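Colleague: Mind docking chains B and C on chain A? Use the hints.
Here the protein sequences come in this chain order: A, B and C.
According to our numbering, the first sequence holds residues 3 to 130 in order.
According to our numbering, the second sequence holds residues 3 to 130 in order.
According to our numbering, the third sequence holds residues 3 to 130 in order.
Hint data in this document are derived by calculation from the structure and do not stem from the laboratory.
Quick caveat: nothing in here was measured; it's all calculated off a predicted structure.
Be aware that a few hints might be false.
Subject to a maximum C-alpha distance of 20 Å in a straight line, what follows is the list of computed DMTMM-like cross-link-like pairs (lysine to aspartate or glutamate) [claimed, not checked]:
hint, chain 1, residue 1, chain 2, residue 2
1, B, Lys61, C, Glu16
2, C, Lys61, A, Glu50
3, A, Lys61, B, Asp44
4, C, Lys51, C, Asp32
5, B, Lys51, B, Asp32
6, A, Lys51, A, Glu16
7, A, Lys61, A, Glu50
8, B, Lys61, B, Asp44
9, C, Lys61, C, Glu89
Short derived list, chain A residues pointing at chain C, Cβ under 7 Å [to be verified]:
hint, residue
10, Val10
11, Arg12
12, Arg13
13, Arg14
14, Ser15
15, Ile18
16, Tyr25
17, Gly27
18, Gly28
19, Asp32
20, Leu69
21, Ala100
22, Leu102
23, Ile103
24, Asp106
25, Ile112
Using N, Cα and C, we set each Cβ at its ideal position, and we do this for glycine too.
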Amino acid sequence: MPLSRYGVVRRRSEMIVDGGTIYIGGQVSDNTAGDIEAQTLDVLSGIEKLLLEAGSDRKNVLSVRILLAHRADYEGMNRVWDSWFPEGHAPTRACTLAELINPDWRLEMIVLARLPDGARPGAPALKA
Amino acid sequence: MPLSRYGVVRRRSEMIVDGGTIYIGGQVSDNTAGDIEAQTLDVLSGIEKLLLEAGSDRKNVLSVRILLAHRADYEGMNRVWDSWFPEGHAPTRACTLAELINPDWRLEMIVLARLPDGARPGAPALKA
Amino acid sequence: MPLSRYGVVRRRSEMIVDGGTIYIGGQVSDNTAGDIEAQTLDVLSGIEKLLLEAGSDRKNVLSVRILLAHRADYEGMNRVWDSWFPEGHAPTRACTLAELINPDWRLEMIVLARLPDGARPGAPALKA
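Excised from the complex, chain A in its bound form:
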C-alpha cells in the first residue's frame, strides 16, 4: 500500500505512515524561551497532534529517542513525561545528552509509533 506523508516541505516530511508504522521526525519546541517543563510539554503536545492526525494516539507510541541539551534538565523532563503517558502505556525509550542544532532547544524527541488495531490499514473490519 502507498505510504502517507504529513507536513511535507522541501527538506523533510514531518511524519510518514507506512503500513501500520508511524515515523515522526525530530520534534522540538518553538517556545525557545521556555524552561524544560514547558518545552517537554510542548514537544509531547506536538507529537500527540501528529499522532491524532495519523489516526493514532499516545497509547500507541513504540519508541522515543530523547536528546537532552542539558544534564540538569533530566528530572524536569521526566516530571512532565511521567504524567503524560497513560499508566501501563509508556513506550520504550532511550535518553542521552546531545548538542542540538538550535542552542535554545532544551530537548528533541524522535518517535516511532503505530496505528491502533482498528485503524490499521488493511486490518479486517471490527464489525460487519
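Modeller: What follows is chains B and C alone, placed relative to chain A:
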C-alpha cells in the same frame, strides 16, 4: 493485533513487540564499576534475555545503535561484540560517542529486532 | 519470510531487509579529506546504491538520523540534502551534533527505508 509489552513501569516499557518487530529501550549495565568489556557483555546479555522472552534470539537483531561514553572504549566494545553475534548474523549498527545520563555507564545500546519466522504472530503454520 | 542481508562481514550487516522494511547501518564517507558537501553527497550516493540493491530508491526513504561532527557544516549538508530528494519525497529526519568515531568523518547517516509497493515481498500482484 494487540502489541505486547514487557518490563512495564510508570516511566517506560522495556520492550514492545508489534507484529513481527521488537523495540527495545536503551540498555545499560548495572555493573557501573565494570570496564568496557564487562559492561558490553552485560548489556548484550540483557538484550538476549529480552529477546528470548519475546520468542526471538541473537540471530534476529536488525539494528543496534551503540552510544559510547569514551572513545578509548571503542576497541574493547568491539572485542566483545565481534565474538558475540554468530558468524553471518550480525545486525546493522551505528556507533558514535555520546554523553550518557549516568557518568558510570560506559555504553548504551538501542535495539530493533524481529521475531523469527516460525514465531511470527499470524504467520502461517509451517506444518499442517 | 526470511530476512535478506547485504554487505555482511564479521562485525555487521550493512543492510537488512525484513518484510517491506529496510534497515541500513551508519553510513559515512571514505573521502575523509572532503568538505561537508563532498562527504554529504558521498554518503547519500552510498545510501542510494544500497537502496537500489535492495530493490528500492530515494523516493522510499522513511527516516534519516543525521549526525554532524561540526555545527558549521549544517548549512553545507542541507545544500546537498535539499537538492537530492525528489520534491515531495523527502523522508522524516532528525539532525544533531555528535562526536563520530573517526575524527575525519564530518557526518554519519542512519537510514530506515521501505521497498516500493510493487517490489514488496509477499504483496499481492497489482494485475491478474
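Colleague: Would you pick out the hints that fail for this structure and give their numbers low to high?
Modeller: Going through the list in order, the structure violates hints 2, 3, 19, 24 and respects the others.
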